[in-house]
Amino acid sequence: MDLVDILLSASFWTATIRIASPLIFATMGELICERAGVLNLGIEGIMVAGAFAGWMAVYSGTGLWTGVAIAMLVGMAFGFLHSLLTVPFGLSQHVVGLGLTLLATSLTYFSYRLALPQVTSPPKIQAFEVLPIPVLSDIPIIGPALFAQTPLTYLAFALVLVVSITLYRTPLGLALRAAGENPAAVAAQGLSVTAIRMGAVIVGSGLMAVGGAFLTMSAFDSFFFEMVNGRGWICIALVVFGAWKPGKALMGAVLFAAFDAAQIRIQQTPIGANISYQVFLMMPYLLSILALVAMSRRAEVPAALMVPFNKGER
Amino acid sequence: MRLEPISNPSLTRTIVPPLIALGSTVVIASLLAMIAGANPFSVLGLILKGAFGSKFAALETLNRATPLIFTGLSVAVAFRAKLWNIGAEAQLYAGAVVTVVLGTGALTLPPVALIPIIALMAMIAGAIVLLIPAILKTRFGVDEVVTTLLFNFIFLLFVSMLLEGPLKDPMGMGWPKSARLIPEARLPRIFPGLRLHWGFALAIIAAIVVWIIQKRTTLGYEMQAVGLNTEAARFAGIPVRTVLIKTALLSGGLAALAGFSEVAGLKGSLTLDLSPGFGYTGIIVAMLALLNPLAVIAAAFFVAGIFVGADSMSRAAGVPTYLADIMLATALLLMVLAILLTRFRIVRE
Amino acid sequence: MPTTDTAPVVLRLNAITKTFGKLTANDAVSFSLHKGEVIALLGENGAGKTTLMNILFGQYTADSGTVEVFGRNLPAGNPRAALSAGVGMVHQHFTLADNMTVLENIVLGTRPLWRPGFDRAGARARIEKLSADFRLRVDPDAKVGTLAVGERQRVEILKALYRDARILILDEPTAVLTPQETDDLFETLRKAVALGLSVVFISHKLHEVMAISDRVLILRHGKLISQVRTDQTDRKSLAALMVGAEVQAPEVQDISPGSALLKLTNVSTPDRGNAPGLKSVSLALRAGQIIGLAGVSGNGQAALAAMVGGLIRPASGQLDLDGHPPQSWSPKHAVHSGIARIPEDRHKIGTIADLDLTENAILECYRDAPFSRRGWMNWAKARTFTRQIIDTYDVRCPGPSTRIRLLSGGNMQKLILGRVLQPGPRIILANQPVRGLDIGAVTYVQNQLLQARARAAAILLISEDLDEIMALSDVIHVISEGRLSPAFKRGTMTPAELGVWMAGDGFERGAAIAP
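Residue numbers (the working numbering), protein chains in the order written: chain B, 1 to 314; chain D, 1001 to 1349; chain E, 2001 to 2515.
The shape of chain B in the complex, shown without the other chains (with noise of 0.2 angstroms):
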């Protein structure tokens, strides 16, 4: 099997959408907090925590959509704490994040821990089943990578249109971006800046718990540690890689996908073979630090990224 034949398969491009699906959630929750303003590195942690609150929740009988919910409930709690942290008290943004991601890891391992003391190998519920939509499903290729997979990876399709057109064409979306460019702006029309930054790091948390929750509810069928495994940081250099912009984001995190699922299929070619395995893990990490060299003219950054809003400061 030759890359040829990978790239024509309709499984290897099943597999990138299905990969990219918590990277959507992830990196449209992570664009809304950045595009307000606020950088959220706490999004590992509530990945983790979604993916765990979420898989919990059916583990313990609700239904999956319900586990969704709860998941993202989590995630919003998550983000209330990091915005109340960083938006009225003005906390550094890097350590509140990194605090965040630890606090929100080890609550979830505790709670695993406390819940299933002694499982050996991890239960499994019965996960998001495929849900292939008719006709469109049946086009060669691109059929079944597109319209033959779980609700959720629908949902993470439609959410980027959601957040494109919110963010775009609507006034909420237009006061989110001018807290991320100028905060003073937004205060100076009446809003308030406090209000529309936490709420969005509290609706980009539960996107990103949502994402987490994809691992466990879609994409596999029980929770193990280790599972997010850094998808939350290259969740961050999609962002930069998609200059702020869902749909390019979106773009981005289609071609991460791709690449990651390529490299397990080339893994198992002649050539591939003789590669040590670590070389192919590799691959995601330093795809991601070349995507933020490549955009590292930065134009578009939001001009108040990272910086606090002291109301009147003189």
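Keep in mind that the hints were calculated from the coordinates and are not lab data.
Careful: at least some of the hints might be erroneous.
20 angstroms max Cα-Cα, derived EDC-like pairs, lysine to aspartate or glutamate [stated by the list, open to error]:
(1) E:Lys2143 - B:Glu300
(2) E:Lys2191 - E:Asp2214
(3) D:Lys1215 - E:Asp2368
(4) B:Lys245 - E:Asp2098
(5) B:Lys245 - D:Asp1143
(6) D:Lys1215 - E:Asp2354
(7) E:Lys2332 - D:Glu1231
(8) E:Lys2129 - E:Asp2184
(9) E:Lys2022 - D:Glu1004
(10) E:Lys2236 - E:Asp2438
(11) D:Lys1082 - E:Asp2354
(12) E:Lys2348 - D:Glu1231
Given chain B, put chains D and E in place with the hints provided.
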């Protein structure tokens, strides 16, 4: 709500908020212990006893504090210049790798020469690992938070490759483990009979050296100026890029010493689980110490005590060990808030 | 214009008091504004004018006192309530998002956030009508970041008008305008008054206050000390009221200029985003001369200051120091060549807020003996140096180890002055040296510059304040879009003539205008 700076904070104002932060951390830990089915009031006691209650425990805490002092210093030095070094983990492993490469027989010299050479080369390796993201920052404006973070993942995989390949112990029965260091490369114990190696003393010395650099050298002054206001520093003629590079070299070198110390002092060989996240914990140590190098020593003791104590408490009371991480994360978040409240008052607007 | 007795009161401030820690910014200030009136709020920097208007607009809450708009009490600390009541504010530092269009900036916040969409066409039509009615030309689809300062102010004003402001507050609106743009602004204000609006105009520029207002309120140290009708006063009385004493214009003696210490010949630099680079600029800084650079900010002053200050090099053309090009050019070299640089922003660039006075004082010279040797700092010598500066330049502070953040603006500027003047520089780059300072500090700084001039230093003075340039400079250049006008000797140009060059017209008409 508005924040107003306080020009001359009273002594009460400086001490009370941090104490409340620490107290709240203990309360939250106790609550979680209670949820886990243990006695909440015994949590603190069990942790203290586990950390300092016996000679064995105290030595264990000091040993655990040693790499944390190094990584704490590394992060404190970097953060002070606003260089967000989240990659201390990779730099630590770089130091460990070099220690193993040079210390398993490639060089045969008496310890008084071999150990300093290995330490120096380890520092250089760590410095190079941080240098790459630092150059990406100064030349291309790439944010170093994400690049140093991603480097951690990349480097750990690289170490895994090495341990399964060129560095694999030929007598190791197939485990991914390096060969053992030759005796001349091992850091000796400070006091005979006590399980405390010279890495600890080196860590204390390193803290003092960093403190001297910051207070008394031009580099220390430059690093602080660049960290507080890069634009003003540049305008005044301070060579900002060079200062950031020097900061990266120093910071990377310090983190690498943690790896060197763990391999040459404690473990004697390199495995993938050499560091249970010392690089990341170093961030917490540095923040709790408010980036002050001497306070890093105290903060490292505190954090090490929590880990060692929580290990012991978890065995005694059946509470998952992750409680330690929860305590540290909580302590960190509450501390930065408390520090803010010592300097600013909240005014209703 | 209606008389104050017959027109209804649209705005009333009752005993407004506001303190920030130990500082009393407003002390029981009361006044009324009548419909159709233009009142000027006059006072030097730090008198409390902006604080008062921020209270009115809801960005601060007064400690005591009330505000009534159109007879109704205005809830405190609530910009949205102020906006609904018809109060519109044009801020001194524009509250605009550069990366968004004019239209977006204007409609921001005008629709409830839960509404799903905008009526873009309606908004556009409304903006165009207001634009025509008030003579405020804008392009609704332009990104604000690309606009010149005068255009941005028009957007700020349109923001207020779009929200049906009946009371317009303008905070130091003319600080960034050319004389012609100022005339256009006054036209707009007259139109506004004719359409039933009332205006509060904050300024410290006496001739503008005289030109546009019906009544003048003078604030000093937070108190409203006087109210006069404009037609019953003059500039001299107003100046005296503002400061509380007779104001002396600085005395400038005649000095014949010496040799050119620094010369730029046809120097050009690339544009940087919105900031224009230099376009074939030729300039000579002569000993014993103050060369004033007039111009609206954003026309290349930053590039010229960066060039003289050692931060950038000429992309083409030549820079000569004492007749030949320097071996290398950087801030360090500039300082060592005897160039003193007073930066434009003492808070952001001139000082490092959380360091103490000593650490700030040696920012430029820490590498030289006696402050350090081979990488080791000598803090004792640094403190002695700082004490010298504190004594010589009258820096009011607890001591050399005080954090500089705690000093007032004037004292901070004096420290900066001291640190750059102590070494006895031959060239001084003074970039907005008195911006935001109270009268006492302004006089001090200007006198220091004049004394340096008397000691044969060459001084490049960059200032937005045309009056200051005209009072102090021996030679005036105007900068517009990176181009430098010819040199105009002291006393040969009127503000209006300089304004023509500031607007860029002089460059087109060429040498015909130059004397």
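Flag every earlier hint the structure violates by its number, smallest first.
none
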